[in-house]
Amino acid sequence: MRGDEGVHSPMLSLGGLNKRYGALKAVDDLSLGIREGEILGLLGPNGAGKTTTILMVCGLLKPDSGTITLRGKPVDARDRRTLARIGYCPQSIVLWPKLTCLEQLEFIGRMYGVQPVIARRRCGELLETVGLVEKRDRLAATLSGGMQRRLNLIMGLVHDPELLLLDEPEAGLDPQSRILVRDYIRGWARERGRTVVLTTHNMDEADRMSNRVAIIDHGKLLLVDTPEALKREMGEGDVLEIDLLAATGATVEAGLAAVRGLVPQAALVGHTIVARAPNLISLLPRLTGNVLQAGLKVGEVRLRENSLEDVFISLTGRRLRE
Amino acid sequence: MVVSLIPLFLFMYWSFVGGGSTSYKVLALNEDRGECALLGSQRSCASEVIGALDSITYRTKDRLLHVREVTSRQAGEAILRENRAAAMVVFPEGFSQAASSGLQPATVTIVGDPNNPYYTVAAVTINATLDEFAWKAVGLERPVVAEERMLGGSGGRTEFETYTPGLLVAAVTLILFSVAISISREVEYGTIRRLVMTGASSTSFLGGITGVYTLVGLITVLLAYGVATALGFRSLGPIWVGILVSVLTSVASIGLGLVTACFSRTVARAAVIANFPLLLVLFFSNAMFPLPGARLFAVGQRVIHLQDVLPQTHAVVALNKVFSLGLGLREVTFEMAALVVLAFAYFMAGTWLFRRMHMRAN
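Each protein sequence line maps, in turn, to chains A and B. Under our numbering, the first residue of the first sequence carries the number 1, and numbering increases by one thereafter. Under our numbering, the first residue of the second sequence carries the number 1001, and numbering increases by one thereafter.
If you are wondering where the hints come from, they were derived from the structure by calculation, not from laboratory data. It should be emphasised that the depicted structure is a prediction, and the values quoted were computed from it without experimental measurement. Heads up, a few of these hints could be off.
[Unchecked claim] Short, incomplete list of chain B residues facing chain A, as computed with Cβ under 8 angstroms:
{"no.": "1", "residue": "Y1189"}
{"no.": "2", "residue": "M1197"}
{"no.": "3", "residue": "A1361"}
[Stated by the list, open to error] Listed next, the stretches of chain A that the computed footprint assigns to chain B, with coverage defined by at least 3 CB atoms under 8 angstroms from CB atoms of chain B:
{"no.": "4", "stretch": "59 to 69"}
{"no.": "5", "stretch": "75 to 83"}
All residues carry an ideal CB built from backbone N, CA and C; glycine is no exception.
With the hints as constraints, model all of the structure from the sequences given.
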C-alpha cells in the first residue's frame, strides 16, 4: 500500500485491523493514519469493509485483532471521555420519531454531557446551518426524507467532536441537500480544525470532499493519497471512451492500434476503447476517424476528465458499481 | 393507553357482573306431585324446597341462588352443557309421598359439571337446604350444628370486589408489554447505538425506562383504584397498603419487561415474546386460579415454592390479605419484601442481559 508513509503522529491511527463475519473477511489487516484537520474519504464498492471500519473506530464493533488509537490513546468504548471526542453519523436514518428536531438535538447533547445553555445555542446554530431552523418544533417522523438525513447528520455534531465519522453522508440526499451538506462539512472541518473520516462509494463525493482518499476493496487498503495525486497516477489530462458496436477480434485490434498511433496510453476495457492524454479534444476528430477507417462501428463517444473511478479500475480491474 | 387500559377493563368487568355478591344459577326440575303434609302445606315438598333455595341470601340481602324451573331433564342438561347454570336439582314424581311416609328415603338428584367452578358452591348449598328440610320435616333438633365463620369481612364481599385484586394484578402485569416494546424500539430504530456512543450505561438507560414506567404504573394503579372505588369496591384493610403492593408489582413487571426486551431486536418480536412471561404469570401465580405449590425449600416456618419467583404470586396473597381479610402492613411484610427483592433481581438480570446483548461491541 502506498501513500500512508508520511503520516507522523496521526490523530487517529488504525494498526493491522482485522474483522471477520464467519467466512467473510470484512476488514483485512488495515493500517491507516489520519491527520489532524484533514477530511479522509474511504472509497470502495459496497461490501468493501468501509462501514465495518467506521463502526470499529467508534467502538460499536470489536476488532478481531489490531489497534485503534486516538491521539495516541487506545479507543475504549467504555470511556466516556474518549467517546465524547468522536461524532458519528450512520448511513441509515437514526432518529427518535416522536421527538421534535430541537428535542432530539438537545437530548443527545445532554447525553454527551453538554451544558444545557451551550447545547441550546449549538442546536440552534446547527439547525440554521442545515436549513431546518423553521422545522425545529416538528416531529422527526413528519420531516421529508432529505430533512431527516440532514437532521441525522447534525445529531453527530451537537457535542462538537474532534473526530467526525460519516457513513455515506450523501446517500439519499437530493442534489440541493447534497451541496448543502458537502459545503457544511468542509466548512466545519476547516473553521474548527476538525478531522473527518467519511465512507463513500461515490467517486465524485470522495473527490470533492476529501483531502485524501483511501481506496478499499475486499477489506484491504489499496492506496491512500490526495485525489489529485491518485488521478495523476493514471496519467494527466482527459479520458476518451469509444464504445464499439459489433466488433470482431481483428478489427478491434486494428482500431486499437490506430488509436495508439495518436495516443499511446490506450486500452480496451470490455467493448470500449479507453484513451488517456492531455487535451484530447483536439485529437477527437482524428481518433474517431481512425477507428471508423479500421472498419469498426462506433456507438457512444465520451470525453471526460480523469476520475477516481479510473484509479479504482486500474487497481481492481472492476468498476466501483460492480 | 397503558394508563387508561386498566380502569377501562375494570369498568367493563363491573358492567358484566354488577355490584352484587356472586349469585349461582340453579335449575330445578320439579316432577313432584302431591302435597307436603309434613309441613302442612298444600304445595308439594319439592316446591317447598325450591322456594327455600330461592330465598337464601347473603348478609347483604343479595340472593345466593337464582332458581329457574325447567320442564325436562334434557332441557336442563342442555343449559348446563353451555355453562349457563351451575347445577340442576331433580325432584322425582314421588318425592312428597316418600318424604311424608318416612318408609323409604326420598331421592333427589343433583346434576352438574364439576369442572364448572360454580358447581361446588351450588351443590353444597342444595345439599344443605335439603338437609335443613329433612330435619324440619321430621321435627327433630339437629344433634350437631356447624357454624360457618368467614375470615375478616370476606363473607360480605361482592363478586366485583372478590375478583378486582386478581384483575388488577393481571392488568398491572401487562405493563411488561409496554416496557419490552419501548426498549426493543430503541434497538430496532438503532437509537440505542446513538446512546451507546454517548457512553450511556445499560444501568442508566434501563434505569431511566424503569423510572418512567414506575411513574406510569403509579398513575395507572391510582386511577384504577379510583375507578374501582367509584364502582363500589371497598377495601377492608388500609387501601394505601394495597396501592403500595400494586405499585411494587408494576415495578417487578417492568423488570420482567426488561428481561423480555433482551431477547428482542424488533418491536414485533418483543410483542410476541412478551406473551411467554405474561402467560407464565397469569397461570402460575394464582392470579387466575389456585395451583398446588411446587416446594423448593423452607426458611423457618415458611415454605418457598417454585411459583414464588413470580412477583404476582406474592401480590395476589398480599392484596387478598389487605382487601378481603382487612389485614395491614405488618401482615404483608413478607410479601412486600419478596416483591422488592424480585423487582430488584429482575432489574439486575435485565440490565446484565441487555448490556451483553445490545450495548456491548461484538
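Each hint tested on the structure:
1. Y1189: holds (6 angstroms)
2. M1197: holds (6 angstroms)
3. A1361: Nearest chain A Cβ about 4 angstroms off; hint holds.
4. 59 to 69: holds (count 4)
5. 75 to 83: holds (count 5)
The structure is consistent with each of the numbered hints, conforming to all of them.
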